[in-house]
Amino acid sequence: MKHPIFSAFIALSLGGMVALGLLLTFWEDIKMLLSDQFYFSLFLAVAVLGGIQTAVAYFILLERKISAWIQDRFGPNRVGPVGLLQPLADGVKLFLKEDIIPRHVDRALFVFAPFMAMVVALIAFAVIPWGGEFRWPWMAADAEPLVAQVASIHIGVIYILAVGSMGVYGVVLGGWSSNNKFAFYGAMRAAAQMLSYEVPLGLTVIIGVLTAGYLLPGPEATDAMRLEGVVAAQTGGWWLFVYHPVVALMLFIAALAEANRAPFDLAEAEQELIGGFHTEYSGMKWAMFFLGEYAHMITSSAFMACLFFGGFLVPSFVPGAEWINTSDAWLAMIVRIHVLAFKVLLFIAMYMVVRWTLPRFRFDQLMRVAWKALVPAGMLLLALQVLIIQFGWSQWVALVGNVVIFVVMVVASVLVSAGSPITGRQRSMIERDRGGLGANAGLQHAGL
Amino acid sequence: MPGYNMPGSDWKQTDVVVVDQPELTLFERSYLPQVLGGMGTTLRHMFNVAKRSKNVVQYPEKKRELRKEIYRGVHRLNRDDQGRVACVACFMCETACPAHCIHIEGAEAPWEDREKYPIKFDIDELRCIYCGMCEEACPVDAIELTPEYQLVGQSRQEMIFDKEKLLMVFDRTKDDKPRKNPRITGY
Chain A
21 MKHPIFSAFI ALSLGGMVAL GLLLTFWEDI KMLLSDQFYF SLFLAVAVLG
71 GIQTAVAYFI LLERKISAWI QDRFGPNRVG PVGLLQPLAD GVKLFLKEDI
121 IPRHVDRALF VFAPFMAMVV ALIAFAVIPW GGEFRWPWMA ADAEPLVAQV
171 ASIHIGVIYI LAVGSMGVYG VVLGGWSSNN KFAFYGAMRA AAQMLSYEVP
221 LGLTVIIGVL TAGYLLPGPE ATDAMRLEGV VAAQTGGWWL FVYHPVVALM
271 LFIAALAEAN RAPFDLAEAE QELIGGFHTE YSGMKWAMFF LGEYAHMITS
321 SAFMACLFFG GFLVPSFVPG AEWINTSDAW LAMIVRIHVL AFKVLLFIAM
371 YMVVRWTLPR FRFDQLMRVA WKALVPAGML LLALQVLIIQ FGWSQWVALV
421 GNVVIFVVMV VASVLVSAGS PITGRQRSMI ERDRGGLGAN AGLQHAGL
Chain B
786 MPGYNMPGSD WKQTDVVVVD QPELTLFERS YLPQVLGGMG TTLRHMFNVA
836 KRSKNVVQYP EKKRELRKEI YRGVHRLNRD DQGRVACVAC FMCETACPAH
886 CIHIEGAEAP WEDREKYPIK FDIDELRCIY CGMCEEACPV DAIELTPEYQ
936 LVGQSRQEMI FDKEKLLMVF DRTKDDKPRK NPRITGY
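From first to last, the protein sequence lines are chains A and B. Per the numbering used here, the very first residue in the first sequence carries number 21; after that it's consecutive. Per the numbering used here, the very first residue in the second sequence carries number 786; after that it's consecutive.
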């Protein structure tokens, strides 16, 4: 009975009993606290933080599993049943690893950067509407309903944009303070990439907010700046991606780039930059960057789900959709939280399949996608949405506009690139055929 | 490099075949079908449980079937029919070894049928590249590579296999992979 597992088990069960006793003793007070929006928000914040960190650990396992499945392997399956305890093993390993701080780094910023990356990614969850309005069974039927959301602020959408774009600070500080050229290149790439993709991200979000405001009944239109308002605009109607499929796609692309995920992971391009911005990091600090990246993925997925894919709503063909979407019972709230979590899971699975399918962009291609495709298309669609609101057209005009602009963009890109070579190698071949370069030009140039 | 691409040197311009990349068609240039096709491929593999179940070998529980007669694993030093080391200390394997991992010390043989035998025969298993050149070079087929591939040790010193260890490898693998030509040298 001296095995540490037994001691841990005894300690855990003792702690559990104490907690249960406290819960039962103070049950009335706890009920009162949970009925207050402020304390409920506090409780929810703690729960969400814990939930997100666990989810991050398991998303890392999911990523390893998905990459394995795509490559006809099984992935981690040794620790626990089908590898389910692998995150625990990884965590123990990372905690116990030596945490090296190289002598040549800027110490303060070097230590600060991973925290920056993670904290910034975590605080964005505050404005995600997890479960809508509800009442506890012990609350009066006419009491002010609680909101299953940490902070219901008026500028929720702007808050997410602002906080999300601060994620680049962690990367840039980490890369700069490492005092290493590869880390620095990675950080520079990340900065340029984030700056570029902020623009299409902002445009698509504005389109979503405008559409939500147009769909909301007149006096509530300003609610569209809150994510819960955007979700309310989709209650009982079509979800916004039905009106704006291309905008939803653009938001997905921009979110990929914002989260530094493949095919936009130039900041940590292993083949060129060793580890990119986290070259010099090890142990738990290194892990914090990854916790931050995955937390960022969860945030952007939840954001996308709320903005264009109905948030915690279920489509009306699902049995009981009416009850799930609008009921103020606390069970409905729990179901709604799971609906949103499921949508987040779908998005993240998509992120991962994209990562293990598509090759990384070249940097000029990355910039071209942002400035020559996403930004003009976003501006045109924004103008269209403004026109729809100004002249009171049907919202379905937006769908037509989306399709037209999509076709125009594809045709234009094909025509622009028609006749001009795609790769550098082809360009050199064409120059050779024109006689611009001799057949041996390369050799002669090299002095051979 | 003077004369490197002059006429009359050992290669001619006409020997060089320039292969152009095939031009992308208009359909391929529109890019999106290719992206979606790629996603289709990866998703197909992702849900193909049968394929990975068939191909993946869950290693410690299951092991691959090896072609034992040609697998190049840990070395062994063969014994002849009287249980003596078959090596005649000719140094052919040491000479052939590209990784310089074999070290032999020869001495006069105490037996009638040969002149020399090794009093020391060390192989650094960490340095070895398992190319099998020693096996090719050996005139008496005394050194052979076995199908044994689980090679672990606690230190580098431990991974330098001496004569006794190599003979032990022979003792435990001789049923798995019998000696090729036990009577090649006649003794």
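Hints in this document: simulated from the structure, not taken from any laboratory. Don't take every hint at face value.
20 Å max Cα-Cα, derived EDC-like pairs, lysine to aspartate or glutamate [said to hold, decoys possible]: (1) Lys847/B / Asp92/A; (2) Lys905/B / Asp865/B; (3) Lys962/B / Glu943/B; (4) Lys948/B / Glu900/B; (5) Lys901/B / Glu890/B; (6) Lys836/B / Asp92/A; (7) Lys848/B / Glu153/A; (8) Lys959/B / Glu893/B; (9) Lys836/B / Glu854/B; (10) Lys965/B / Glu854/B; (11) Lys51/A / Asp119/A; (12) Lys839/B / Asp92/A.
Okay, the hints, checked on the actual structure:
no.: 1; hint: Lys847/B / Asp92/A; result: holds (18 Å)
no.: 2; hint: Lys905/B / Asp865/B; result: holds (17 Å)
no.: 3; hint: Lys962/B / Glu943/B; result: violated (25 Å)
no.: 4; hint: Lys948/B / Glu900/B; result: holds (18 Å)
no.: 5; hint: Lys901/B / Glu890/B; result: holds (10 Å)
no.: 6; hint: Lys836/B / Asp92/A; result: holds (7 Å)
no.: 7; hint: Lys848/B / Glu153/A; result: violated (57 Å)
no.: 8; hint: Lys959/B / Glu893/B; result: violated (27 Å)
no.: 9; hint: Lys836/B / Glu854/B; result: violated (29 Å)
no.: 10; hint: Lys965/B / Glu854/B; result: holds (9 Å)
no.: 11; hint: Lys51/A / Asp119/A; result: violated (44 Å)
no.: 12; hint: Lys839/B / Asp92/A; result: holds (10 Å)
The structure is inconsistent with the numbered hints 3, 7, 8, 9 and 11, although it conforms to all the rest.
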